[in-house]
Every structure is written in structure tokens, then in C-alpha cells.
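Asks: Listed below, chain by chain, are the residues.
2 protein chains.
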Amino acid sequence: MAKPKKTPRPKAQTPKGFRDYFGAEVSQRAEMLQRIAGVYHRYGFDALESSGVETVEALGKFLPDVDRPNEGVFAWQEDADADKPGDWLALRYDLTAPLARVYAQHQNDLPKPYRRYAMGPVWRNEKPGPGRFRQFYQCDADTVGASSVAADAEICAMLCDCLEAVGIERGDYVVRINNRKVLNGVLEVIGALGDEPRLSQHFQEMAENLGKKMTAAKVGIVLRTIDKLDRLGKEGVRSLLGPGRKDESGDLTFGADLSKAQIDVVMSFLEAKGGTNSETLINLREIVGRSRIGKEGVDELEKISELLSAGSYGPDRIVIDPSVVRGLGYYTGPVYEAELTFEIQDDKGRTRNFGSVAGGGRYDDLVKRFTGQEVPATGVSIGVDRLLAALHAKGRLDTTDVGPVVVTVMDRDRMADYQAMVAELRQAGIRAEVYLGNPKNFGNQLKYADTRNSPVAVIEGGDEHEKGVVQIKDLILGAEIAKSATLEEWKDRPSQFEVPRAELVAKVREILAQHGLEK
Amino acid sequence: MAKPKKTPRPKAQTPKGFRDYFGAEVSQRAEMLQRIAGVYHRYGFDALESSGVETVEALGKFLPDVDRPNEGVFAWQEDADADKPGDWLALRYDLTAPLARVYAQHQNDLPKPYRRYAMGPVWRNEKPGPGRFRQFYQCDADTVGASSVAADAEICAMLCDCLEAVGIERGDYVVRINNRKVLNGVLEVIGALGDEPRLSQHFQEMAENLGKKMTAAKVGIVLRTIDKLDRLGKEGVRSLLGPGRKDESGDLTFGADLSKAQIDVVMSFLEAKGGTNSETLINLREIVGRSRIGKEGVDELEKISELLSAGSYGPDRIVIDPSVVRGLGYYTGPVYEAELTFEIQDDKGRTRNFGSVAGGGRYDDLVKRFTGQEVPATGVSIGVDRLLAALHAKGRLDTTDVGPVVVTVMDRDRMADYQAMVAELRQAGIRAEVYLGNPKNFGNQLKYADTRNSPVAVIEGGDEHEKGVVQIKDLILGAEIAKSATLEEWKDRPSQFEVPRAELVAKVREILAQHGLEK
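Just so you know, the protein sequences line up as chains A and B, in that order. Heads up: the first sequence runs through residues 423 to 941, numbered per the numbering used here. Heads up: the second sequence runs through residues 423 to 941, numbered per the numbering used here.
Just chain A, same shape as in the assembly (with noise of 0.2 Å):
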């Protein structure tokens, strides 16, 4: 008989663009996301958890991005049944799609306006990058079915309230916002001073490809082009709203070849921001204000900037920034933009704009796809993994946990003594633990106490419980000891205690609220 070949071991890794999180990661997160979700059910908003696997029919195979029509999605046929194929399954990609889906499948039980949050993780099938993952958590809150843009200003006060939340103070973020219906009038605007559209050979034929009409072709590419403002500065914006561009390979980017009044338009719309916001107003309306829908989306912009300041959500916090370009393709009507205003060194060392944290807007196709039926929405998302690195950045978060007290095992038989001791620890609200390795290495236990990052070991050897008495360790002030043992002062502190084994909790919280540690 053959011999059975042997299987290889597997190997122990996480799929390529997956990760592990440990300790502090997990926790700061999780309590993030609490505290992001007590703002939001404050706001009236109420809990959604839809599971992770969704059909691909009802999600939609794709994302919405324009930009990148190929990102992907993870998907599987399920089993056949006897007489029909699978369906195709799903990871989710975004909590809106599934919002969809739910508001479609249970608008009947549903209060209208439906005000919902939803966190947790996402699934993208793309090529994985540094600092890009396949899996990453989401924390959005959108309200269904109101048209008001009074549930904008809601959202933009809400988003204020969550950075306040989570420790960004007053005067660090700012919320910026714009409104799509602007760029329309932009859009109205230029079309009326070029009866005749320049269209250049290579730009009629893109437009025939794409099966569309011209205007919409154009129209595309103004949208992506300042969307590309951060990336290509003014100059480069010009560029390619007027002929087009060659960067630094040489390579020619055919242009959206507008007239120079017409590109004066779209950058005097990109440059409106003035140092209030009455005065960007003022300037939105000298541009837009011939168009009916631009003059709306100021319209809307005054009366976003006003009920927000009734609830005193003023200039400090809101700004409205025609400069906001991020969504303007994507979304309908106001956009929103959460932005860190302070500096933080970068990977490089270099000095930086922290930026970006969180962003949204309206939109209006969320059911439409299922029901026919239009259905307004409005919504943000928080980048909760970017305001914990922000945070990080800032120092305002611990990344190490602090560890347990370590009660240390001197002498095995005695056990039920030292489980006593920490179950009296725990019960009085301390993290602490015993030592549950091979104890016959002494030192070992205090290697084991140093890599959990324990404040203190507690120590009961044979002569001390005779005795009736234990050794408490304060295992932070020996480090600090150990690192500057010249310093005379040091020298002469104590970091270990011995008092009676009736005190041992009393002694172990006095020595966590010296280093600030008690809960």
C-alpha cells in the first residue's frame, strides 16, 4: 500500500490586505464607536445592523465611484438548489447600499423621515496598499426621506458634536460645506456663454464612445477635473478645462476645451471662499445668480449656515467653502466635509495639514433602483480609523494598555491563596490576574509581568504568608527608578511595600491612583 502522502502545515497568515488588531486598537475603537453612536442616538438617529453578506442583486455589483468603475467586490455563487442556480452573494461594500436595500424592504414598518446609524466593518476587493486594507470599519448616519435641508444643517451640528466626542476640541476641526446645486449653475452658467461649444475631434469622438451627448461628456469631465484641485493646483485645473495637459511623462490629457470666460467661471466658482461666510455668499451669487438651480443651491448654503448658527453651531465651526469639490459628481445637493485644522508631522517628518476625517452629503437615488420610486436622503460617514491616528497623532491617545496587576505564583500548592487574592483585586474593580505559566522561574514572572505592561506584581512567598503579610511592587516607579538610578531622589524611593495581607487592595489602589491609573 502506498504511503499517504503527508499534508503540508498550513500556512499562519491573514489573507493578503487583512489585518489583526490588538489590545488598545480593539478597545479605543470600540469606545469611539460608542461614543460616536451616543451622539447619533442623541440626534434622534436609531441602530441598523444589517449583516455583512448581502445578494450582488440587491447591492449593486460595483461601486459607485466613477472615478474607479473596476473596484470590486467579494462574491460567491451559493449551492444550487434542485431545480434553480445559486444566488450570488456578497460581502457588503459600504453601509449606504445595504441602507437601500433595508429602506426598500421595510419602508412599511418604518418612521418617515427615517433617521439611522449603522458601524461596522466593510469589505473591498481591491489590490491592497500600505496603510490600505480589504477590511476596514464604516460609522455613518444618514436620514431617509426628507427633502428639507434643514436635515443637512442636523447632520453638519451632529458631525460637530461627534468630533467633540471622541476629544478633538473646539477651534481644531472645521466643517466645510458646498453644495452641488452650485456647481449646476457653474454649469448653466458657462453653457450660456458658449452657444456654440469648441469641440475639438478627440473630445466629439470620447463623447460618441461613451454614448453620450456631448454636453454630458463635457460636463464629466469639468466634474472630474475639479475634483482633481488638490492634486493639480489651479494652473493644472486650468489646463485641462481648457485644451488639456501634458504631465511630467510627456503624456497629453485631452482637456473638457472650454473658453477662457467659460474656465474663468468654473475658477472664480473654485475660488469664491471669502473671509466670511456672508461674503462667499455674496460671491456665489454674482457668479450663479442668472441660473434658477445655482441661485437655489446658495439659497440652500444661507439657509444651511443659518439654522445651524440658531443652535450656535457658528463660523467658527461651519464654513461654507466652494473649494469642497470632494462628491460634487457623486452627490445631489449639499455636500459636508469634516476637516482637521492642526498640524501633524507626517511619516516623513514633514509638517502637514492633518485634513479629511469624515464627509457626506445629499443624494437622491438611494431606493430608486428597487422601488422607481425617488426617495431623498442625506448622510455622513466618519473615518473612524483616520480620527484614531489623528488623535494618536495629537497624543490625546494611549496606545498601550495598561496592564494587569501581576500576582506572582512562589509557591505552586498554594494557588487557591494568590486566585483569593486577584478575585479580591477584580471585585474591587481592578484588572489583575494570576500567573499562570510555569512558575518555577521566578525571574520569568516578572519578564511576563513587564511584557503585559503591569503596573504592579504582588508578591507571597513562604516567610510572607507566615507572616501574614504581602509584597506589593510598584513596578512603574521601578522602571523610572532603573532609567535615572544617578538621581539621588529616586535612589531613596521605595517601589516595593510590604503591608499586611488585609490591606493588599487598599495598597494596590493607592498605588494605581498615584500613577493616575484608577478607573
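Calculated directly from the structure, the hints in this document are not laboratory data. Hints should not be assumed to be uniformly reliable.
Identical copies look the same in the list; a pair holds intra-copy or inter-copy alike.
[Stated by the list, open to error] Here are the simulated lysine-lysine pairs, DSS-like style, with alpha carbons at most 25 Å apart: (1) K438 <-> K725; (2) K534 <-> K433; (3) K717 <-> K682; (4) K790 <-> K905; (5) K725 <-> K695; (6) K770 <-> K869; (7) K695 <-> K656; (8) K650 <-> K725; (9) K790 <-> K433; (10) K725 <-> K862; (11) K889 <-> K929; (12) K534 <-> K862; (13) K682 <-> K438; (14) K682 <-> K433; (15) K725 <-> K668; (16) K534 <-> K869; (17) K433 <-> K506; (18) K433 <-> K905.
All values derive from a computational prediction rather than experimental measurement.
Chain A is fixed; fit chain B onto it per the hints.
Replies: Same frame as chain A, now just chain B:
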């Protein structure tokens, strides 16, 4: 040109076996997980969050549960790279398999022993049934690398603390412990009883088909049989340990073919529970004392109960119970199970014990698949959804979320005033919202407040605005009055109050406090 076919609208439905969770269902589970995490943390366990996706290779393709080898996972193949086929990925089916992968992958960076907790969704590709979903939560704590039964004892204590932390009172639960080693002792003892095991023809064939030694096959039947004690009762188990058993349909199940003396030993083990833990230990020693492994198992049980007593986890909460058989086939040492002892009414109105809500035990092959090295581990899994159901059955959970205070919109042009009111309420920590639907029909606004389960509605029309007052409607009291309109005492109690605008927050807070709804 042929008219393009209209794409049919997608169905707005969860995939079969998945469901959505709304409002209080979500927040109550989140709160429960947070409380359990608090206890786990206090016991020195560190959080671990791995992703939902693992390689099939790392995960192992199927569940370890011997009785259901076809219980599957959701799996798919990654897109191929240029030169090699894509990896197979899958959704995790529990939190233990990922722990094994994490421990093998990161072992040099982890403390030893490693106490970790994990909570999150897992997925099973099985036929859904009533109340049986293909995504559900697990909430685990495991200690890896500690061979001492002190680790098992600690987890039993922690289980008690978790139950009390989520609202199960002392006296309403018991943690029952048993030990696989005692069962191994039983098997040794019965092996010694039958020098020449009596084997039916069928039994011999089966053992050969399974490619196992006859004794191994026999042990398998004994294990599976005692695991069916709950379902078959003592007589059923006796039959299956002996020649076999005819079920109601007349089908014969072949048995383990043990002699009467052997069966008596197994049954005496299952019925060894005495009035106290000490009595049980004496009974067990009598049955398996002659077997080395059996004696070791009884010693361990004694040690565990001694360690727990030292931490004041006494016999009112910790019960040695040989009839705990679930998992004895899978685990290698101590096993434990938390059972709620109170009675509830089931769906059909029958009274029954609520039963098990958590279980676990010791298993030693955690990372062996990856490293070849045997690492001892012990851990528990708390059934969060079962626990929520238990609290609900006891009336300790209110599943209706308290709705927000609703500020109604009497005058669409004064939205800023209404926004100012909700801002004040929210800043005072009160859940509140302004009505964001079409305000034309005031009745709809009150209906909305009703749908939202709102405790209070705020009304400010033109008259009130001029007078500088607001109307505050106590909706809870209003509903009570409406229900019992014949009672004179109710009739005279007003449920609507006019207060100065400046007293809005104070009055709302007062009403909430009257209904026990203050924060």
C-alpha cells in the same frame, strides 16, 4: 436597432438566513458585549480583533463538530495573479480557528500565557431554519499556553461575573463543570471489564469501514451516545450502549455492544452527581479511581472547585456535574457550561428551564496544525443572543427604544427657532429631534412622534412665539389618559403644559424624570 431589454428591478431582500437588527436590538447587544468585555478585561484578557475573512487553508475548510461534518463555510477564490491561481478565502465560522492562526502567526510578540477575548460576527453556510441564522455573534475568551487548571477555574469565575454583569442575578444561574479525563477513566475501566470485547458483526464491519481500530470506533459510539442523554433519556442511552435501539419509526440504530457490567459503569458516571460537590467527587473516585487518567480528572475537578471557593465562587454557583456531556468528545480536559436555572414560558406557552447560555473547556490542539507544537488552551464562548433572549424572557430588557423628544414644526419659516430648541435639548443630553417630514399636516407630526415612541412633543405656533412660551405635551401620560379615559383621577391631570420658552429644557427634563427616563 433592437430595443434594449429593460433590466428588472432588484429584489430588496436579505439573502436567505440573514436578517436585519433595528434600534434597541442593536444597542442592547452592544451594551451586553461592552459589559462582558469589561469583565474579560478586568480578568487580564486582551482584546483581539481579526478580520472576518481568512484563507481556507488557515481556517480549515469545515467545522470540527464531528456530528455535522458537512456544516460549511462561505468560501470563494481570489482572482488569479499573472502566474498563479488565486487563494481560496472564506468567512470565519467561529473565533477559535482565527485565534489559532493569530497565535501561530504572532507568537513571538504575544505574552505567554496569552489571555485574549474576541467578539464579533461569524458565518455558517448551512440551511437556515426558524431562529437559526447564517450570521451571528460570538463572544469568546481563551487562555493559550497555560496547562494549569487554575486557568480553567479562572474562566469559570469570569463566567459568573459576566452573567452578573449583564443582569443575571446570583441564584438564577449555575456553572456546571465536568472533565473529559474522568470520561477517559470510565472508558479505561470498561475496557478492563471486557477482556474480549463482544462485537457484533455489524460493529466489526463499521469499525473496518471507518478505518479505525475497533476500540476507537467503540469509543466514538460511547461518546456520541452519552452526548444524547438529554434527547434519549437514560433508557435510550442504555440501549445504545448495548445492542442498539429501535426509534419510533422502527428503524434500528446499532449500539456500542457493551456488556451489562460495562453499561452500568457508564451509567453510574452519568448519574454520579451527589448532593454536594464533595459527594460527587467521592462517587467519581469510586467509579474511576482505578484508572490513572480517571483519577487525574477527578483530582482536577477537586482542584478547580477548591480554587474557585478560595475566590468565594462557592457551590451555590459552581457545581461538579458528570451529566455535562456536551463537548466531551471535542475537549481534552475540564469542560464547563453556564445554565440559567429559572423557568420561562416557551413559544408554545410551556414552562421549561431556560438552559445553557455559555460553554467551553480545555483543548490542546489549538496551533498544532500550524506549528506541529502542542499548546494547551482553555476557553469559553458566551451565547450573547441566548442571553439577550433570557433577559427578555425575564422582563429585564425593554426592547422598545425610548424615542426622542419631537419638536414639531408649526411654521416652516421658523425652522431656525425649532433647530435652536433641539440643539438646546441635545446639549443638555436629551435625545431630541425636529420633525423633518412635510410639516403641512400637523396630525402627521403627532403620528410620527407616536411611531418613534416619543415621550414628549414640543409645540410652538405663532401665538406661543409671540407670547414667548412653548407647549410641552407629555405623550406617555397622554397615552395613559387615553387608555383609561373613564377614570376621573386621570381626566383632571393635564398632559400638556405651557411654559416660558426659557424653561423648555427644565420642563422636558422634569417630565422625563417623572417617567424614570432621565439619563
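Asks: For every hint, state whether the structure bears it out.
Replies: We went through each hint and held it up to the structure:
1. K438 <-> K725: For K438 and K725, the Cα distance exceeds 25 Å both inside one copy (47 Å) and across copies (45 Å).
2. K534 <-> K433: Between copies only: 21 Å across chains, 51 Å inside a chain, cut-off 25 Å.
3. K717 <-> K682: Cα proximity of K717 and K682: one copy only (23 Å, versus 94 Å across).
4. K790 <-> K905: Neither way: K790 and K905 sit 65 Å apart in one copy and 41 Å across, limit 25 Å.
5. K725 <-> K695: within (17 Å within a copy, 74 Å between copies)
6. K770 <-> K869: For K770 and K869, neither the intra-copy (34 Å) nor the inter-copy (57 Å) Cα distance is at most 25 Å.
7. K695 <-> K656: Classified as within; 15 Å inside a copy, 83 Å across copies.
8. K650 <-> K725: So K650 and K725 fail the 25 Å test inside a copy (28 Å) and across (69 Å) alike.
9. K790 <-> K433: between (46 Å within a copy, 12 Å between copies)
10. K725 <-> K862: between (73 Å within a copy, 19 Å between copies)
11. K889 <-> K929: within (17 Å within a copy, 62 Å between copies)
12. K534 <-> K862: between (66 Å within a copy, 14 Å between copies)
13. K682 <-> K438: For K682 and K438, the Cα distance exceeds 25 Å both inside one copy (48 Å) and across copies (57 Å).
14. K682 <-> K433: Neither. Shortest intra-copy (61 Å) and inter-copy (49 Å) distances fail the 25 Å Cα cut-off.
15. K725 <-> K668: neither (42 Å within a copy, 78 Å between copies)
16. K534 <-> K869: between (59 Å within a copy, 10 Å between copies)
17. K433 <-> K506: between (37 Å within a copy, 17 Å between copies)
18. K433 <-> K905: The answer is neither: 41 Å in one copy and 66 Å across copies each exceed 25 Å.
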